[in-house]
Amino acid sequence: MATTMTAPGRVAVRMKVNGVEYAADVEPRLLLVSFLRDNLGLTGTHIGCDTSQCGACVIHLDGEPVKSCTLLTAQANGAELTTIEGVAKNGEYDAMQMGFWEMHGLQCGYCTPGMIMTANAFLDRNPDPTEAEIRHALEGNLCRCTGYQNIVKAVQYAAKQRSGGAMEPGPGTDLDFEHKDVIEHAPEDLQDWGDQLAGQEER
Amino acid sequence: MAATIEAPELLVGQPIRRREDPKLMTGSGNFLDDIRLPGMSYAAILRSPAAHARITGIDTTKARNMPGVIGVFTGEDLADVNPLPCAWQAAGVENNVATPHLLALGEVRQVGDPIAVVVAESVYQANDALEGIEVDFEELEAVVDSREAVKPGAPQLHENAPNNIVMHWTCGADAETVDKALAGAEVRVSQSVANQRLIPTAMEPRGSVGLYEPATQEYTLWATSQAPHVHKLVVAAFVLGIPEQKIRVIAPDVGGGFGSKIFVYFDMPLVLWLSKALGRPVKFFEDRTENYLHTTHGRDHHTDIEIGATKDGKITALKVSTLANLGAYLSTVAPGVATTLYGRMVAGCYKIPNIHVDVKGVYTNTAMVDAYRGAGRPEATFVIERACDLVADATGVDPAEVRRRNFIQPADFPYDTGIGMLPYDSGNYVPALDLALQHAGYASLLEQQAARRANGGRKLLGIGVSSYVEECGIAPSKWIGLSGEGWGAGLWESADVRVYLTGKVSVTSGSLPHGQGHETTFAQIVADRLGVPYDDIEIEHSDTKGTPFGFGSYGSRSLTVGGTAIYKSVDKVVEKAKLLAAHMLEAAPEDIVYENGKAWVKGSPDAVKTIQDIALQAHVAYDLPSGMEPGLEAVTYYDPPNCTFPFGTHVCVVEVDRDTGNVEIIKYVGVDDVGNVINPMIVDGQFHGGIAQGIAQALYEGAVYADNGELITATMNDYAIPKASMLPTYELDRTVTTTDVNPMGAKGAGEAGTIGSTPAVANAVVDALSHLGVKHLDMPYTPERVWRAMQNGNA
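So the sequence lines, in the order shown, correspond to chains L and Z.
Residue numbering for the first sequence is 1 to 203, as defined by this note's numbering.
Residue numbering for the second sequence is 1 to 795, as defined by this note's numbering.
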């Protein structure tokens, strides 16, 4: 869609965010993340850096994950956007949100919205990923609390649920205590681990 | 038990998913920058581009006239405001204290020092106007390395700190005694080690919102804070000089802290002062580069280690001499971290007869250094765990065996290390070591390593062991306080447990979370102890107006100190409930049994009064025992008798690429003992994150300053926060050794992972290279550094 200059130094933009149409006149330099947070009050999209590293600001623009700190509002003119506020539908958390909750994939929660947006877009492209693929897919999103292990499990949980698989219980239980076998502390049988290494030396 | 009483469904020990999460996973959290107030204005800070300079003139005229600008202020405008205080000086020695003004007065001493503040109608306009401020500098020579700063002729930062020395502190036996023991040792090893400077990097940067209301003369400060009550006290009484009852501090959702949000920063009093001056609420939220330049850093020690041992690996003497770089000024608790929390912990898990520790704090033209996850204990653990491996190397004794031979034994607890630390409360170090070695497959790893070395393969195998003990839940006040270790306050916590008329429960706690899940853990404790449904319990925190005083969340203290205050308040509530139940059941109080939220007369379990029945009676107060006040509520101020000392052993297995120097962790095992666990899911999460930060120090992170004081690693593009693909899977297990320091038998868990992990990785990398002649290597183990070591070590 062509942008039209309205007032001197302003740009008219229209976009649909979480299904709602918005129109505004904004400064040409206004970052999309600022528009979402300050103009629309959608503060679930966060700012954690100024160099496009951290991914706390990831949203979906026409279905693609983008870092909203690295786009001008005017560049989103005519687009359909989804932010973290638009992920749960009718009060139902989606599979990824449930994965993060069940698998303890968040601590402080600051990176979580961006993580969920990136991970959902990733599963759209790759519904049955390996752990290495998940870790690679999350490289644009930094977390300082979890050491990523439970974020990986959250994505695996969501992948399974989205593909219609059984709801694997996570360590996070509700109060019914359905799942007591929760913490898989003991690593797999390690007796032969050193011997396995021998076969993998020149990986 | 009587048939009518159901068996209690205990929540403690269960991995309850967190009640905090729904808002955070839907974007409904309320972080500092999410706060919107009517009439909000926005502050931006002009920061020094020079590491050391005299300010000879500031012209703000142009900035004042720029669009949207409401006000511009410099250090001169704030000359009557006190500088920030240093609240923990090194005990027993002279401290040459220099702390920062809110805005620089006359001189800047680090890149990023705040010089002026612009307040405008928008963040964009405030930042625009920074470019309208002109500052004339007379540049001075800078020094960034503590080893250079203490040399004669080095640039001097503060008139009251000759040779840039903050303080010179020692502990343990006197140096001569230890020198004699070293001289007489069968085996003697010396090594210089660096514990590089790190940048904490909470994902949420720091910020403040200030509101002054003239009609009531009340100040409200929202801050990214790990310690809102302390910030209230310090900002009111020590910086702005306003009555403490007129200030309220609120920590909204806090996006990680790792220590960096404990401290009092310039912007906290500044936004309040600005709000009063301008009649508008004022928000400041730093960007990431400001966070890296000017929010506190961690570590930055240079240490000389001398260690004496017998030929069979028994450590007989340890001498440690450290330069601790504390940055351009003293942050809130910096000297205490470098002394009490570091020097007094260098004995680690071991019985070492002769220890001498010497610490010099040093000013340099760098960001202030203060507590960062572990705070002193990671540095101490790195020293002693590298020392153990150096002894192993020098004696030929296996590194795990060196640890085993020197461990403090179960019968020795409580154990006094003789270097001024409180006695270690409890411990049993061998089982954790054995379990970790077993999980790692240690014996076959050693065989595999030998085979690979014989074959000369490209992937070198390294095995690193680290056994740690750490000090958390730091207390009691009479030990840590001014008359003891120099901390300028107490370190107790408080809690108020209130059962309403309807039987629902509010707990107000001085402790607060920034990601640790306090609401869930605390509610689990109350549900079990009081016998009310988990969902009937609300945990309130983080607002000084609604909660009793607390010293904040750091030092892995929330559960053991704050949680114990809650536990004891519940017990007081139960005591009153039993008195009232006795009255209601027409029995003697001593005959009342109270379990799982129900009271009955011993032997008569059919007549039961529930806690809800009792709470109703306590509030309607129609029929109370003579002299009993209405209500059902109890407050506890809890000062523990000791710290708790969790411990464990971590084993890291690495492959080092002989051609590229790249290090890959192929196995990571952590066996930790934090006593009784309330929520194992949360505790494991703390270890995951802690280990990740420890690995990150070993392999990736390091703050780098150019000689002129410019921070080279000033963005996330340059400072290597690890990504998901850069970290391994952590295999965790636990042993359980309880403590009698608190009634839950629990120890702290927030920092232990960071403390145990860094030396495990370091020892693994050095071990991988040891057959090439490498005895030690400084972190981070970048491919280049490792590759160079292989070339040099293999000469």
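Don't read these hints as lab results, they were simulated from the structure.
Every residue gets a Cβ at the ideal spot worked out from N, C-alpha and C, and that includes glycine.
Please note that the accuracy of each hint is not assured.
Stated by the list, open to error - With a straight-line cut-off of 16 Å between C-alpha atoms, the simulated EDC-like cross-links for lysine to aspartate or glutamate are:
1) Lys-459(Z) / Asp-657(Z)
2) Lys-723(Z) / Glu-21(L)
3) Lys-276(Z) / Glu-218(Z)
4) Lys-723(Z) / Glu-139(L)
What the hints assert, rightly or not - Some chain Z residues near chain L, calculated using beta-carbon distances under 10 Å:
5) Leu-37
6) Phe-73
7) Val-123
8) Gly-256
9) Gln-409
10) Phe-413
11) Gly-517
12) Glu-519
Unchecked claim - Computed spacing ranges between beta-carbons, pair by pair:
13) Glu-80(L) / Glu-447(Z): 55 to 61 Å
14) Asn-126(L) / Asn-717(Z): 23 to 29 Å
15) Glu-21(L) / Arg-785(Z): 40 to 46 Å
16) Glu-80(L) / Asn-30(Z): 54 to 60 Å
17) Glu-9(Z) / Glu-27(L): 42 to 48 Å
18) Glu-131(L) / Val-704(Z): 51 to 57 Å
19) Ala-489(Z) / Glu-21(L): 51 to 57 Å
20) Glu-131(L) / Glu-447(Z): 25 to 31 Å
Holds or violated: is there a CB of chain L closer than 10 Å to the CB of Phe-73(Z)? Violated - the Cβ of Phe-73(Z) stays beyond 10 Å from chain L, reaching only about 24 Å at its closest.
Does the interface hint hold: is Gly-517(Z) within less than 10 Å of chain L, judged Cβ to Cβ? holds, 7 Å
Going by Cβ atoms only, is Gln-409(Z) closer than 10 Å to chain L? This interface hint is violated because 26 Å lies over the 10 Å limit.
At the C-beta level, are Glu-80(L) and Glu-447(Z) separated by a distance inside 55 to 61 Å? holds, 60 Å
Given the hinted pair Lys-723(Z) and Glu-139(L), is their Cα-Cα distance within 16 Å? Since the Cα atoms of Lys-723(Z) and Glu-139(L) sit roughly 5 Å apart, the hinted pair holds (cutoff 16 Å).
For a C-alpha distance cap of 16 Å, please report whether Lys-723(Z) and Glu-21(L) respect it. The hint is violated at about 36 Å.
Hey, does the Val-123(Z) contact hint survive, CB to chain L under 10 Å? holds, 8 Å
Does the beta carbon distance between Glu-131(L) and Val-704(Z) stay inside 51 to 57 Å, or does it fall outside? Cβ of Glu-131(L) to Cβ of Val-704(Z): about 32 Å, so the range 51 to 57 Å is violated.
Restraint check for Lys-276(Z) with Glu-218(Z), where alpha carbons must lie at most 16 Å apart: holds, 10 Å
Closer than 10 Å between Cβ atoms is the bar; does Leu-37(Z) clear it against chain L? Give me holds or violated. violated, 13 Å
Has the hinted range 54 to 60 Å been met by the Cβ atoms of Glu-80(L) and Asn-30(Z)? violated, 27 Å
Interface restraint verdict for Phe-413(Z) against chain L (beta-carbon cut-off 10 Å): Hint on Phe-413(Z): violated, closest Cβ of chain L at ~25 Å, above 10 Å.
Hints 2, 5, 6, 9, 10, 12, 15, 16, 17, 18 from the list above are not met by this structure, while the remaining hints are.
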